[in-house]
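2 protein chains.
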Amino acid sequence: MSDETKNGTSRRGFLRQAALTGAGIVAGATTARASEPDPKITEVQEWATAFGDPVDAAPYGTPIRFESHVVRRNVEWLTESPVSSINFTPIHALEGTITPQGCAFERHHSGAIELSKQDYRLMINGLVEKPLVFTFEDLLRFPRTINTAFLECAANGGMEWGGAQLEGCQFTQGMIHNMEYTGVPLRLLLEEAGVKPEGKWIYAEGADASSNGRSIPIEKALDDVMVAFFANGEALRKEHGYPVRLVVPGWEGNMWIKWLRRIGVYDKAVESREETSKYTDLMPDGRARKWTWTMDTKSVITSPSPQAPIRHGKGPLVLTGLAWSGNGKIKRVDVSLDGGVNWQEARISGDIKSKALTRFHLDIDWDGSEMLLQSRAIDETGYVQPTKDALREIRGLNNVYHNNGIQTWWVKADGEVENVEVA
Amino acid sequence: MSDETKNGTSRRGFLRQAALTGAGIVAGATTARASEPDPKITEVQEWATAFGDPVDAAPYGTPIRFESHVVRRNVEWLTESPVSSINFTPIHALEGTITPQGCAFERHHSGAIELSKQDYRLMINGLVEKPLVFTFEDLLRFPRTINTAFLECAANGGMEWGGAQLEGCQFTQGMIHNMEYTGVPLRLLLEEAGVKPEGKWIYAEGADASSNGRSIPIEKALDDVMVAFFANGEALRKEHGYPVRLVVPGWEGNMWIKWLRRIGVYDKAVESREETSKYTDLMPDGRARKWTWTMDTKSVITSPSPQAPIRHGKGPLVLTGLAWSGNGKIKRVDVSLDGGVNWQEARISGDIKSKALTRFHLDIDWDGSEMLLQSRAIDETGYVQPTKDALREIRGLNNVYHNNGIQTWWVKADGEVENVEVA
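Listed in order, the protein sequences are those of chains S and H.
First residue of the first sequence? That's 1 in full-length UniProt numbering, and the numbers climb one at a time after it.
First residue of the second sequence? That's 1 in full-length UniProt numbering, and the numbers climb one at a time after it.
Nothing false has been slipped in among the hints.
It does not matter which identical chain is used: a pair holds within one copy or between any two.
Within a straight-line C-alpha distance of at most 25 Å, the following computed SDA-like cross-link-like pairs (lysine to any residue) qualify:
1) Lys-329 <-> Asp-351
2) Lys-200 <-> Pro-217
3) Lys-40 <-> Glu-191
4) Lys-40 <-> Gly-213
It should be emphasised that the hints constitute simulated quantities derived from the structure, not laboratory data.
Between the sequences and the hints, there should be enough to build the whole structure, so can you do that?
Structure (structure tokens):
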């Protein structure tokens, strides 16, 4: 973090500059240079004259040392205790839609525990015909499904309620990841136990000290909730809940219980600590709105952004970012170069999956003048991502959670980028 | 490798047993146990009484120690030199469709080189209007696309030409991976250089000592070939060609040039070492068939399999595997429990993408008797995966490459699994 943001000062009210005319749409133009003698290609290089690493150098490989900056990072002034804290995904440096487990957002309430498959148990009890305890091998006998879904912390963008404070989308929108999960539909396990007619809620808790229990309505539990073992093709990592976590597509990340220990079935919500004192929306009148489970439609330009400035000067420039909706599929993403005055439709790249990260691109020809970059996502229900100010009008400034407002990046003439707001 | 397979002895001709009636379709049955007092869940466990790892424990995480067996492995008697060899994906232990870069099949011809973005250059020359040299930053200015594709080595399954030799699908079918790539369509770079009318082939080569050059017809080069920077959301790993590799969907892995250095445009194929003395199909008459680029439709049951035996005894059993086709999408996968006498349709899980790995599942109720498991993939063109013997009738036994024959696993009553062939 830069010094000026460490104390959380705000830069709200940055004025939209009328003269911002930094870029037009590019149609195929590029800067590829006519070939001149370049010894890096015309001369035989050192790496072409010797053997590289053998195939047994790394039975399980890690990123090359040149990418050592692409890692999860925390924010010191947000971290009270590292066992109950957050570590943000470096979305400014990623592309495509999948988030590798190794650099995917972590949040723990009492640290990431080490739990073996041999020691693992899952209990289903409460209002069921037949209380059950499953070993890990029991779970492996049930039919499996695959689903790609984003997980977003309810607090993602939370620091932005008070203004543009954090320099980089890793910190402003990086409490998110997107993985391909394989596991058993929770419905099948609940059917095995037999939910009694009066069972209207489940309460899911983890095996860690915090237990981090959350209530989920039975309709959602029987719909698309998954008891997952695999993420992006391999076992869940320790920090993502090995060996078993709950996947709750479209709903706030805190409900995706890690190291899943118990599913209790009840006639009403438990109203636990994590769903009353936390993860509620403190409104302007001092009352708190509870149970805002669905993560509303949102987007952010990941490059350029404060941690990914423009290094190559003017000319063709790729703008890229992510969009997502807890309500279904992304229908369209618009991008503004002038702080929301004019909008143009971005190109969606790759698949559009329901409740999963969607990648967009816009190719422009940058003339080197300043820009105020914004993106605005629209989902299949027609919902349009709002401005931060529109959210504040309704929700005030007390809130920490559920900020899906439009993000603005001020691109300066030298290519550096700053987190600002337009007024 | 077990001792009995180290020397490459064959077990061709294992007889199909008429009495194999090991399993029927399962309809919802499970073995979930009625809950009995189990101290692992009824007593407070050690991991619930202490803090786990803090969020800054691993800025870039790796698999938990309990999964240390899920790694790439080589086969000693296949490895002449580790810098010119293969390391197989542990597909027996993976699920879903994505292959993590860390355990994805590697094959090098002179080792994995370390090449920085600063040192990287890509030359396009030959029959073009304007020869070009691109830096890495130049490439970042071009419009990007996303595509998920499987890479399969032409030699995948090659040891099976001579019979069932290797114990485990990691070794028989593990020269494969499936990743989500982001990069620039090669077409855009070729258009920038301007291909002359007489330019009918490209020749792609790498920056490593082997250069591993391959010729590709211009039609394919202008179709779906990508100059990729990202795999599964992050930068390519060193062993996968950092910073730039070619992605050639559906075509043999050797053409996916890593550390891409040059694209030459020519009026005919170069007929390089790697496309004449290697990666050709030696036919029964001693002549070699060249340019079998497309990887034909194939499938394999990944679990149970020799490295993934049945540990939990009889009852509900999940059969799972992978299917793929270089010609497009998988349409259907059939599974046989009795060595190809009877077939039943498996369930496709997750997305079916063209030229990408597709996951299938079949849920059965295993009575504990022996099975001869087979899978048979059918692609959207109607092509049906053949038996190994059907391939041998046409192609003989001289060949090493392009074996897409049906794999058989002999499941014994104790749950152990062996690689066999039915006759």
